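Colleague: Sequences and hints are given; from them, build the entire structure.
Residue numbers (this note's numbering), protein chains in the order written: chain A, 6 to 456; chain B, 6 to 456.
It should be emphasised that the hints constitute simulated quantities derived from the structure, not laboratory data.
Treat the numbers as computed from the prediction; the structure is a model and nothing was measured.
A couple of the hints might just be wrong.
No distinction is drawn between identical chains; accordingly, a pair holds when it is met within one copy or between any pair of copies.
As the list claims (entries may be wrong) - Capping the alpha-carbon separation at 30 angstroms, the derived lysine-lysine pairs in DSBU-like fashion look like this:
(1) K84 <-> K115
(2) K178 <-> K84
(3) K326 <-> K259
(4) K158 <-> K22
(5) K158 <-> K21
(6) K158 <-> K98
(7) K74 <-> K385
(8) K241 <-> K102
(9) K21 <-> K326
(10) K154 <-> K135
(11) K282 <-> K262
(12) K158 <-> K260
The chain contents come next:
There are 2 protein chains.
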Amino acid sequence: MEERTLINQTPQKIGKKVRLCGWVNTRRDHGKMVFIDLRDRSGLVQIVGDEKLGNLRPEDAIEIVGLVKERPGNMVNEKIATGKVEIEAETVKILAKSAELPFDVGNELKVQLPTLLDFRPLTLRHPTQKAVFDVQEKIAQSFRDYLTKDGFKEIFCPTITATATEGGAELFKIGYFDHQAFLAQSPQFYKQIAVGAFERVFTLAHAYRAEPSITTRHLTEYVGLDVEMGFIDSWKEVYRVADNLLKFIFAELKKVKPEVDSLRGEGKGMIIPETVKETPVLKLREAQEIIFKRVGRDNRQEPDLQPADEEEICKWAKEEKKSDLVIITHYPTKKRPMYSFPDPQDPDYTYSFDILGMGVEWVTGGQRINDYQQLYDSIKNRDYNPENFSFYLQAFKYGMPPEGGFCLGLERITQHVLGLENVRQASLFPRDLSRVDVRLTEAKNAPAKKK
Amino acid sequence: MEERTLINQTPQKIGKKVRLCGWVNTRRDHGKMVFIDLRDRSGLVQIVGDEKLGNLRPEDAIEIVGLVKERPGNMVNEKIATGKVEIEAETVKILAKSAELPFDVGNELKVQLPTLLDFRPLTLRHPTQKAVFDVQEKIAQSFRDYLTKDGFKEIFCPTITATATEGGAELFKIGYFDHQAFLAQSPQFYKQIAVGAFERVFTLAHAYRAEPSITTRHLTEYVGLDVEMGFIDSWKEVYRVADNLLKFIFAELKKVKPEVDSLRGEGKGMIIPETVKETPVLKLREAQEIIFKRVGRDNRQEPDLQPADEEEICKWAKEEKKSDLVIITHYPTKKRPMYSFPDPQDPDYTYSFDILGMGVEWVTGGQRINDYQQLYDSIKNRDYNPENFSFYLQAFKYGMPPEGGFCLGLERITQHVLGLENVRQASLFPRDLSRVDVRLTEAKNAPAKKK
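Modeller: This is the structure we're talking about:
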């Protein structure tokens, strides 16, 4: 059997017979002539044939053998990469018939979010949707590439944990044989432990939040891009690595931007933040002071930036520093986790940071407490039981160097660079309060059915 | 401050002053002279100094500034990569003191498995342990590299699932708000759904088995290296990709073998299977026949190979075909999952395969049923309720091409190539019936303690 040709290779095979496999994207009948747009993972191409194409329906999976022909100049389709050729069909084989579609997926995909997700196996086939996950894959790849080159080691952390380590709220409980266990909120403790052995580590880790609210920014299960590094000379190294990593990811995304923009269509292209060599750095209190001066909003005592503050300080960074990114440091000790390193000059604030971009948070991180006794005391001071942290604490008992780290959410970064309204659009199979593939409320209310 | 030098770079810096960071691996006192072996992520080097090194203890995290000097010929240590140099310490700074160690980790690590795991944060620092996770990282990297180059797309699948899809046994239950959910046994359904959009996909997915038994081969949480591919011309393509992928991983592992072997030490080096261009392929029944003829054990009616059979058929492959790998196909339909593709010539057997190597299973896979009605019927015939599979079935309703895939266990491959006795040694933080970092039985039986 002739080897399969991918659709994007057809312009290089004019005058040759090829075997193509793919899905019927659209069909147009012109009397005895039938036109098919065939879709595979590499693109679209026009197939021309007679009535033997007449019984094909959208989303049928087919195999076509035919001749690649140059189109006459006036018939060239500039909109697609294969627009200069068409395939004259000789034989057609149906590999799998499609049922009638609930909505058109061959042209524009006009569905609301619930339908997009109810029909995820189908809607994922649309180029605008596939492009989202091309971007997501690129983010993950460039994250790993940058860190691997910088001496970081990839590790694999478990998601089943024994204790509600960072506090008991928002945790999913698991029945673990005769015990109770929990789904990890993050790989935080494991990546810190790993620093004691490997110095510099990263992990792509599933993380879970049992947040009983529905927002456009939260998933109950997401992928965290987590980094941790030891033997830091200054906590500033941590945000510098994060900042440079982001810039590297942006540079890699720029390479695929033309293709993604073409797949996504008008007004749905990538929005890659503009960066400068020295990303501006502000303490939280400095940022709040700037906001107060700019718009008169007095949040100078607040422990965090409100969404409107995040937007305003990003505006400032863009206007004053020509940067879409801004690094905010020194969040209050009370508001950060117990392992956050207090600034020795001002222990009410921590060596912590967020990187904001275009009005929203992209990265969060900071230096961690590495001294055993200080960490033990911090755990006690938060009213946690140090007994529950014995495994974690062990790493600090035997010489843990100064260290810090940070985390990015894979779906959030995808959402941001594509300007998606809802983070669910940036997850292949999003989980939330009311959906685990299917809508849970329906599943619950549906009458019991016999099979 | 002078930039940090990694220990493995010191032989290139003879005569220069360097700043090193790391852990005290061992200390030896010779009168007023003190010798330290310093360890960082890149290796070990000898530090020489006076009494200012005298208060250092094993596992203290320190920073040393000193002069790199060539050792006299008779003092060269051939056993380590930096054996031709030593560092004359000028200043020493303790970054973090270590508590007294429960056992020696500077030389040979002589602990049994329970202790190895009880003290995981500490034992991970030992070069023999770190090497295990160097190998693991290399397996994951080469898995991704091979598939990315071959047109496969990396996807991220959820681990929270709505229904006990592949049968109810061995599933962990999650309290999911007002509902019950389950931890995924595999990303099987998601990778198949993704084929409908992306054709060829792979994923590194956490998978969970609530198996209430303790063996040397099972973890309750592990990382699956999962692959799925559409538009296959023959189901044999699936095992050919798996076979070539394994061979690529082996070739990549060979590159790090000398370093790993040196870290692991005598008798603990890597065991990379020897392969031949045409890996032998046998139907299960053929393999059983061969075993019967070779050793007289009549398992010719058994639905699977017993461990002794796996060893015997691997012996046959090595002796007769000079291959450490052998592909066994056509497992009985009854014993394979409901999505397995029955051989049209003999529907009691499936287009399924295992790849065995050196007596154990490395890969399992096969072609899947891609026709909607056939899959629906197969689900019903297994006494499952098709209603529970509606999301999965949707992917097949709208034209799913012929497809198949396979899976490797990351920890098992690591275990096999290092000849580890227990798969727990190949997991950073292994979970089993009785352990989630700490021993669960102890946690349960311990008297309630006030903090």
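Colleague: Go through the numbered hints given earlier and state which of them the structure violates, listing their numbers in rising order.
Modeller: The structure breaks hints 2, 7, 9; every other hint is satisfied.
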